[in-house]
Amino acid sequence: HLVEVIEDLDKRGIEFRSLTESIDTTTPGGRLVFHMAAAFAQFERDLIRERTRAGLAAARSQGRLGGRPSLMTPERLKTARA
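Using the UniProt record's numbering, the first residue of the sequence shown is number 1, and each one after it goes up by one.
Treat the hints as calculated values from the structure; they're not laboratory data. Bear in mind that the values here come from a model prediction, so they are computed numbers and not experimental data. A hint or two may mislead.
Claimed, not checked - Label-pair ranges, simulated between beta-carbon atoms:
hint, residue 1, residue 2, range
1, L2, Q62, 37 to 43 Å
2, L65, E15, 47 to 53 Å
3, K11, R51, 31 to 37 Å
4, D10, I48, 38 to 44 Å
5, I48, L19, 29 to 35 Å
6, I48, I14, 28 to 34 Å
7, D8, L71, 56 to 62 Å
8, E7, A82, 41 to 47 Å
9, A57, R12, 39 to 45 Å
10, R51, T27, 31 to 37 Å
11, P69, F43, 33 to 39 Å
12, I23, G55, 29 to 35 Å
13, V5, G55, 30 to 36 Å
14, E21, R76, 28 to 34 Å
All C-beta atoms, glycine included, are put in the ideal place defined by N, C-alpha and C.
All chains, please: the whole structure from these sequences, using the hints.
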């Protein structure tokens with residue numbers, strides 16, 4: 001979301017300089033570093049998403065389902081439906 005905010009500020013002609021982090025979009029080098037860091041962060045999120053999906057698919061192929069075990073026994077289910 002920070003990238004979108006910075007891009008919106010840039011469209012309005014507003015430059016961003018953080019006082020607590022090393023983010024400074026007032027210079028070409030600062031903008032480059034900011035966008036590279038954002039690209040790496042997005043890449044890492046995409047890798048995590050990809051590995052998570054692959055892990056879930058592998059677990060499903062071995063017959064494992066996600067989530068916690070059901071507390072509804074067949075008897076409880078029958079009572080609930082009655």
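Honestly, which of those hints from before does the structure not fit? Hints 4, 7, 8, 14 not satisfied by this model.
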